[in-house]
Structure formats: structure tokens, C-alpha cells
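*Asks:* This is what each chain is made of:
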Amino acid sequence: MSGSSTPKSLPTSGQQSLHDIKHPLSCSPSAEDDAAGENGAVIIESPSPDLPNTEPSSLADKDLSLPNGTPADTSSPASSSSLLNRLQLDDDLDGETRDLFVTVDDPKKHVCTMETYITYRVSTKTTRTEFDLPEYSIRRRYQDFDWLRNKLEETQPTHFIPPLPEKFVVKGVVDRFSEEFVETRRKALDKFLKRIADHPVLSFNEHFNVFLTAKDLNSHKKQGITLLSKMGESVRYVTSGYKLRNRPVEFATITDYLDTFQLKLGTIDRIAQRIIKEEVEYLMELREYGPVYSTWSGLERELNEPLEGVSACVGNCSTALEELTEDMSEDFLPVIREYMLYSESMKTVLKKRDQVQAEYEAKAEAAALKREERSTVPTDVEKCQDKVECFNADLKADMDRWQNNKRQDFRQLLMGMADKNIQYYEKCLTAWESIIPLLQDKQEPK
Amino acid sequence: MSADREREMFQSGDPEGESGEESEGPAPGRIGEMSDENCLLKKLEISVSEAEKRSGKNAVSMQETYTAYLIETRALDGQSELQNSPLDSLWRRYSEFELLRNYLCVSYPYVVVPPLPEKRAEFVWHKLSADNMDPDFVERRRIGLENFLLRVASHPALSHDDVFHAFLNQESGWKELLNEAGLQLKADSRLKSLNATFRVKNPDKRFTELKHYSDELQSVISHLLRVRARVADRLYGVYKVHGNYGRVFSEWSAIEREMGDGLQSAGAEYASLYSMMILVEEEHYSGIKPEQQYLFYAEALRAVCRKHELMQYDLEMSALDLQSKKQQCEELATGTVRTFSLKGMTSKLFGQETPEQREAKMKLLEEQIEEGEEQLKSHNVESREFVRDAWQEVERFKEQKNRDLKEALISYAVMQISMCKKGIQVWSNAKECFSKM
Chain A
1 MSGSSTPKSL PTSGQQSLHD IKHPLSCSPS AEDDAAGENG AVIIESPSPD
51 LPNTEPSSLA DKDLSLPNGT PADTSSPASS SSLLNRLQLD DDLDGETRDL
101 FVTVDDPKKH VCTMETYITY RVSTKTTRTE FDLPEYSIRR RYQDFDWLRN
151 KLEETQPTHF IPPLPEKFVV KGVVDRFSEE FVETRRKALD KFLKRIADHP
201 VLSFNEHFNV FLTAKDLNSH KKQGITLLSK MGESVRYVTS GYKLRNRPVE
251 FATITDYLDT FQLKLGTIDR IAQRIIKEEV EYLMELREYG PVYSTWSGLE
301 RELNEPLEGV SACVGNCSTA LEELTEDMSE DFLPVIREYM LYSESMKTVL
351 KKRDQVQAEY EAKAEAAALK REERSTVPTD VEKCQDKVEC FNADLKADMD
401 RWQNNKRQDF RQLLMGMADK NIQYYEKCLT AWESIIPLLQ DKQEPK
Chain B
1 MSADREREMF QSGDPEGESG EESEGPAPGR IGEMSDENCL LKKLEISVSE
51 AEKRSGKNAV SMQETYTAYL IETRALDGQS ELQNSPLDSL WRRYSEFELL
101 RNYLCVSYPY VVVPPLPEKR AEFVWHKLSA DNMDPDFVER RRIGLENFLL
151 RVASHPALSH DDVFHAFLNQ ESGWKELLNE AGLQLKADSR LKSLNATFRV
201 KNPDKRFTEL KHYSDELQSV ISHLLRVRAR VADRLYGVYK VHGNYGRVFS
251 EWSAIEREMG DGLQSAGAEY ASLYSMMILV EEEHYSGIKP EQQYLFYAEA
301 LRAVCRKHEL MQYDLEMSAL DLQSKKQQCE ELATGTVRTF SLKGMTSKLF
351 GQETPEQREA KMKLLEEQIE EGEEQLKSHN VESREFVRDA WQEVERFKEQ
401 KNRDLKEALI SYAVMQISMC KKGIQVWSNA KECFSKM
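Those protein sequences? They're chains A and B, same order as listed. Per my numbering, residue 1 is the first one in the first sequence, and the count goes up by one each step. Per my numbering, residue 1 is the first one in the second sequence, and the count goes up by one each step.
To be clear, the hints were calculated from the coordinates, so they are not data collected in a lab. Accuracy of the hints is not assured; some may be wrong.
[Said to hold, decoys possible] Straight-line Cα separation of at most 30 Å, BS3-like style, residue types lysine-lysine; simulated pairs: (1) A:K264 - B:K436; (2) B:K436 - A:K396; (3) B:K422 - A:K277; (4) B:K436 - B:K421; (5) A:K194 - A:K406; (6) B:K289 - A:K277; (7) A:K277 - B:K431; (8) A:K194 - A:K347; (9) A:K167 - A:K221; (10) A:K194 - B:K436; (11) B:K436 - A:K420; (12) A:K277 - A:K420; (13) A:K191 - B:K436.
In isolation and in its complexed conformation, chain A is listed as follows (with noise of 0.2 Å):
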């Protein structure tokens, strides 16, 4: 790879900028790679107003990370990305104002000595200034997009980090080989890029740009492979039984959504799962109800022509049928699954986002016992503070954008399940009525 993410030029936009800061909550791991590539090099050199990431904030203040800031440049970032949020919530209904598309096709196979995989090819088309390249198309692989998630939720801890298809499939007898089976990953996963493309934050990771650009990704990914449990810290407070004394009313209020949520998602997912599965078995009656119309019409010489309508008839409405079906587990049930996902991934974000106040609040408390003593609040628990409230901003902006993401999927998603059925109630319709007038025609003579 040749110096794939290195913006060029000088960030105009705020986007930009925000593309340079490095969250206060990021890990640094990637940044010591970065130092150590010439990605990092290059980043370095580049002209960036406020470079936040360089050497100094990486070992000593891996957890702490944040860099020598005040709380008013803490605040600052997040206030900015939440308005910027909101901004880009507005350019997605136009959708014109995106810089960057990103699309997954083509899925094929490989076989090699070792393993069978499937490859996909993701393109890329972008007027951003962080690419060389106006356009690019390289092939990955599922444990590549596995990767580019690992990364983000490393780098991106105080984002919603959208989810990956299933690794493995539920019912272990799909064949992993198949043609529908790649098709719906390949949906997933073009979903799952495209859902980061179109994140304020999430778009300008540098993992995400190498992931779009790289030749060999390979290479990328043995570098990061220090792998430090980012929070284990703060779970220590966790689970050492701390309660949280403040813990806002408004997470409180998103996980229990988020449960409730699951939970219906879990119910339509079931509901759907047995429509199809009795819509199949009322499709395998059909097939055989049909023909016996087509029998019987051998045995009648005067009704030949209408039992024959029947049949035809019959058989049209399953075609019909069977197209609902695969229109459903193909287009409906992915997308449940999907918020299925997501719901939980945004769970686990909550919980981090709990630890990260608990260590706060416990820093705050061994402060304040100190503090008869000591007049001043050490920097120490300034800095847990500011990362809880980084932590609480970006997560409401992301709220905000999931919940409206989620109200226009959904609205799709129903209003095109409704349309699906409406088309299969309007074919049997039309089938049924033709077969009217070739009843009737031969009973007027009689």
C-alpha cells in the first residue's frame, strides 16, 4: 500500500478536522502502529491544525488518552460531532451532499489447498481528499470485514459500530457455498460499509480507509496485533460490584429500549420465520392441488377447459406464492437480524460506557476523600470526567442517528413487505378472474 490514507492537502472542511482528532477515548495501540508505518509518518507530517496523535499520548496515557487538552477543547470535539450529526442526518435525506460510496459485489470463490473462501469486491467512489484515488476496487474477504469492525471498536470506543452478518449461520445446515447464502452476506456487508461511509465519524477512520484502499491488507493487519484489553481498567470497577451513583436516566431509558426492542425484533423475526415456513408448506399443498384439477379435467369432456383454468390458475398463484416467500427470507428477515445485531453491539457499547463513568466516580470519590488535604481536583479525575462526558455526547449523537436510520429502514422494510403482498394478493386476484368468463361463456348456452 502506498501511503493510501494520507490526506494530501490541507482539511478544509470540519469534517476533516474531525477526521485528525483522535477521539480522546481512542486506543492508542493503532496510533503506535501508525508511528511505526509510514502511515503514521505521513501523518505526522501532515499540516494538521491540531495534531493530537503523536507519540507522547501513546504508552503513558493509553487509558487516560486524552492529550493534554483542557476541558474546554475536550468538549468542544464532541459538541461539534453532535452537530455534525446532525448536519449529515440532513444531507442523507438529500443524499447529495455524500462524499463517499461504497458498494459490495461480485462474491466469489476460491479454493486453495488450505481452505475455500469466498472474496467480494468492494468499490469505492469518493471526492474526499484523504484518497488518492478518485475510485477503487479491491476484493476482501469476511475475515477482512471482521478486522475493519475489530478496528473501529478499538479506535471508535464511544460509537455504535454497526454490525457484522452472523459468522456462522444459525442452522448449521446452510451451505456456506450457496448461492442465497452469499447473496444475503453479501447485502450484509454491503450494508455494514455502507452504514460507516455514511457516519460522520466512523467514515474517516483510517482502518476504514485502508480497508477501502489496500492491495494487501495483510500486512496491516500483523501490525496491530498488540492486543491490550482497552477497558480492562474500568471493568474492574464494574465488576468489582460498584454501583453508579449518577448514571443518567437517558441510558438508562436506550437499554431498556434497546431490550424491549430486541425483544420484538426477536417476536417478528419468529412470526416471520413461521409465515414462511407455513407459507411454504401451503406452497407444497398447492403443487399438488393444482394437477388435480388438470386430472379431472381429463375425465370431463363439457368442463375440460374451466378445470383446466382452475389448475392453471392454481399454479399461477403459487408462482406467485413462492416469489412472496423468497422475497421475505431473502429481503424482510436480513434486515430484522441485522437490528437484532446492532441492538446487542450497542448493549455492549452502553455497558463500556457505564465503566467508564464507574471509574470516574470512583477516581471522583478517592478525590474527594483526598481533598480536605489537597485543595485542587487532580487532572486525574478531570480527565475521567471529560471522557465520560465525550463518551455521553457521541453516544447521543449516535442514538439520535440510529433512531432516524432506524425509522426510515424500517419504513422501507414495511412498506416493501406490504408491497410484496400486495403484488401477491393482486396476481392471485387477476388469476382468479380469469377464469370467471370461461365458467360462464360455457354456461350461457346450456
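Please arrange chain B on chain A, whose structure you already have, making use of the hints.
*Replies:* For chain B alone, kept in the frame of chain A given last:
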């Protein structure tokens, strides 16, 4: 067994006039005319209006429960032949209907006697109980019995039957009349064992085909009804599960702000309209289906074919008998034994018979031959008449069947159309709700 004789015995009308009409030979329009002018239904309104559960003691003093059906008749004009009837309503039970039908089958062998509703629930939709005392079953049977009476009453020959009239309006005298007719029934006890196939040498091709047709008709209709019941079951399942969306959408709506109203109203749409579709389906499948009647009609058709076979068998047997007697006679006359037979053996062993003996034997044989020829002739006439009547009857049946089945298909298609329209309505309303989200 002659159909004409039958009619003389049981028809209320003037026997002379009947036979005169018969002697004119095949009259293609006869049945049609009769059904138009003399049809009982023109003079009498018949209905099975009620069903009632009863219990009583049966023939062997066992307590039993049964359902009785109220038959109501009302004369449509003053000159009805049933004018003097003391009752215009009476109760009959299913077994009495069965007796009547058996009687009609035997008395009018060439007639495709309308079938009774099923004895036990068959091919019914899972939602309906198969219990004979179940109100739904009783109701369907009530409609079926009424259909049976109406069909008999509109039949050109059956509608003039005395026993049938008595069945409609004589509470007590009916059974006696039936028993008198029972003498005739006994003569036809062979019909009961009709399941055994007679080896007919020269079967009438048309009847063989008809028999074949009724076999196939029966198998295709029973297959159809079976599959249709399963189709209905599955469809019911599909609707039922869709109804669940109603509940989950309204539950989900509780936690949504902007989407809430849309989900809530869409949920309500599903719940109410799918339950409506289920009702429509239930209504449709609980009714009596003409296809089902024709399942039993197939049996009635086959009965006619079997009766023809039996008749043909009788005819062939008497022809065979006559032939062998003629041969014996010839043998006696010429003294030659053309075929190796036991008779030939005995005559060789015991010597020639005396001329007197031979004379007496010849005489007896000649008498028998004469008798046999007479019998053969009557069998032939009987058979011809049977074929003629039966064929007219079959044509009549076919016409009725085509009409009925077309109607059935139309009503089935109409039901499907209304279901499709309901489906479109449900989803259009739901879409409207979703679009507001």
C-alpha cells in the same frame, strides 16, 4: 326386473296411461317433459327445517341417541295430489332416509339416485368436528338431507313414487308401505352382493366406460377434497400467524416515539382484517360442497352400471341355458353326441334309451326351450329398456353435474377473489400506516 312393472306397482298415476306411453318406444324427451310439467317441486315446497337430538330405545331395547330431522311440506296450489295429507310436517331420522334411498335404488335400477350426505364426517376441515352429534355436522347433514329430498322431488320418475310421498307425509303408514315393497326388495337381494363382479361376456362398452368414469371421478374428487382440506388448513395457518403481527406491532409501538402510531394502527389492521379473512374461510369450508355430493354420486353411477352388468349376466345366462338345451334336443333327435360329455358316457355305458323315454325327454326339453326363448326375449326387452332408460338418466345426470360443478367452481373462484381483495385491503391499509412512520 322390469322398470315398467316397477312403476306400475308403485306409481300413483294411471298404470294404463303409463304403459301406453312406454309402448311408444324410446321417447328421448320424455324425462325432460315430465320434469318440467309434473315435477313434484312445482306443487310442493319441501324443506328439512330443523334437527333435534333425541334418545330412545332401539330394536333390541338398547338406549341410543340419535338426531331427528323435521321435514316440512307445503302444497303450492289447491290441486296438489297431497292435498288431503293430514300432516305438513314430520320427523325422520337419518336411518329412515337410508331406507328410502335403498328402496329407490332397487325400485329404479336405471336411475342415478341422488346420494345422501355422508354418514360420518369426511374430508372436513380440521376446525370442524367429526363427531356425529356436533352441531356443525348436524347442520351440514340437515342441508344435505334437504338437498337429497329436493333432488328426488325434482326427478321425473322418483318424484312420483308412492313410498316417497308417504315418506314426506305419513308419519306411521310409511314403513308398512315400504314393507310391502320389501317383497320386491327381497327379489333383488342379489343386488346386495353386487360387489362381486359378474363375468359378463359381452359387456356394453358404454357402461364399461361409465363405470370406469365413475371410478375415476370418485378417486379424483376424493383426492381433490383431501388436498383442498389440507390447502385450507395451511392457509388458515398462514392467516393465523399473520394475525400475530397485530399483537407484536402494537407492543412494539409502545416503545417508539415517531414510529409508534404507524405501528400501532398497522397492528390493528392485521389483527382485525386477518381475523375477518379467517372467518370467511371458515364460513366457506363449513358449508356443503357440491364436489362432495358428486363423490357420492359416483357411487350411484356405479350402482347403475352394476345393475346393468347383473342384467346382462342374466341375459347371457339364459341365452347360454337355451343354447345348451337346444343342443341336447338336437343330440336326442339325431342320436349323435357331438361333444364329449357325461351324458354321452352314461348313454354309452347304459345303452340306448327307449324311444318312449326319448320322446318324453324331447318333449320336456322342447317345453323348456320354449320357456327359455320366452325368458330370453323378456330379458332382451328388459335389457334394452334398461339401457335406454339408464342412458337417458345418465345424460340427465351429466347435464346436472356439469351445471352443478360449474356453479361450484364459480363459487370457489368468487370466494378466492374475495379473499384476494381482502388481502389487498389488509396490506394496503398496513402500507398506509407504515408510510406515516
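*Asks:* Please flag the earlier hints that this structure goes against, numbers listed from lowest up.
*Replies:* none
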